[in-house]
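Asks: Based on the sequences and whatever the hints tell you, model everything.
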Amino acid sequence: MVAHFVIMPGVAWLLCQVFQLPPEIAVGVILVGCCPSGTSSNVMAWLAKGDLALAVAIAAVTTLLAPLLTPTLIWLLASAWLPVSFLDMFWSILQLVMLPIVLGVVAQRLLGARVSYAVDVLPLVSVVSIVMIVCAVVAASQAKIAESGLLIMAVVILHNTFGFLLGYFTGKVFKLPLAQRKSLALEVGMQNSGLGAALASAHFSPLAAVPSALFSVWHNISGALLSTYFRKMPEEETKPGL
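In numbering that gives the first Met the number 0, the protein residues as written are 0 to 241.
Incorrect hints may appear among the rest.
Distance windows between CB atoms, simulated [said to hold, decoys possible]:
no., residue 1, residue 2, range
1, PHE168, SER78, 29 to 37 Å
2, ILE156, LEU75, 33 to 41 Å
3, PHE18, LYS174, 32 to 40 Å
25 Å max Cα-Cα, derived DSS-like pairs, lysine-lysine [to be verified]:
no., residue 1, residue 2
4, LYS174, LYS48
5, LYS48, LYS171
6, LYS48, LYS231
Don't read these hints as lab results, they were simulated from the structure. Being a predicted model, the structure only gives us computed values, none of them experimental. Glycine included, each C-beta is placed from N, C-alpha and C at the ideal position.
Replies: Written as structure tokens, this is what we have:
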């Protein structure tokens, strides 16, 4: 969890400095870097033969801490480019992240087996919702994407790649087993970019949401490729000390 909320925001800030990004794009890059773990990262960890329990724990903890840590980090790192309202963003994340969780728990408690069918439907609803957000962001920023799309895409790819690498090698520094290093790499490198796009659109501008939209597409491609690579690693490498 600490690695997630240190590596991705820090890398985002450094990339903004190195590439001297325009304010709205810089805020968008930092915003996606400050979001919790991605919604598909657990699936990627499972495909990679990683430690699924660790992956789920990281995703759950980063999501629960997001209402506090995400606006705090955005305020600290992005205020140099554009004004950031901590309270407005805090309230938005509560509505977007925590409210659905609370409602889901309450529905499960009150209705029990009568809502079990929704378990199979909700993942599809989540995917469709993210696709709709991405399409809306792209449609609203076509001209800006045409003008700066390659630069934003390059930053997104670097951000994601450094997340994977630093997540993996953080696990290596702490001498974690290979399965846990796989999960750490995927959980650090993959972000809840749907949340990032929604926050950017609500609090900044459509252009600020473009990094999240591109990240949403790219990290699923790179995550699938990395999971395939991880899956093919020799099993004996999972032994401690190797």
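Asks: None of the hints should be skipped; say for each whether it holds.
Replies: Okay, the hints, checked on the actual structure:
{"no.": "1", "hint": "PHE168 to SER78: 29 to 37 Å", "in the structure": "holds (30 Å)"}
{"no.": "2", "hint": "ILE156 to LEU75: 33 to 41 Å", "in the structure": "violated (25 Å)"}
{"no.": "3", "hint": "PHE18 to LYS174: 32 to 40 Å", "in the structure": "holds (34 Å)"}
{"no.": "4", "hint": "LYS174 to LYS48", "in the structure": "holds (18 Å)"}
{"no.": "5", "hint": "LYS48 to LYS171", "in the structure": "holds (17 Å)"}
{"no.": "6", "hint": "LYS48 to LYS231", "in the structure": "holds (9 Å)"}
In terms of the numbered hints stated before, the structure departs from hint 2 and from no other.
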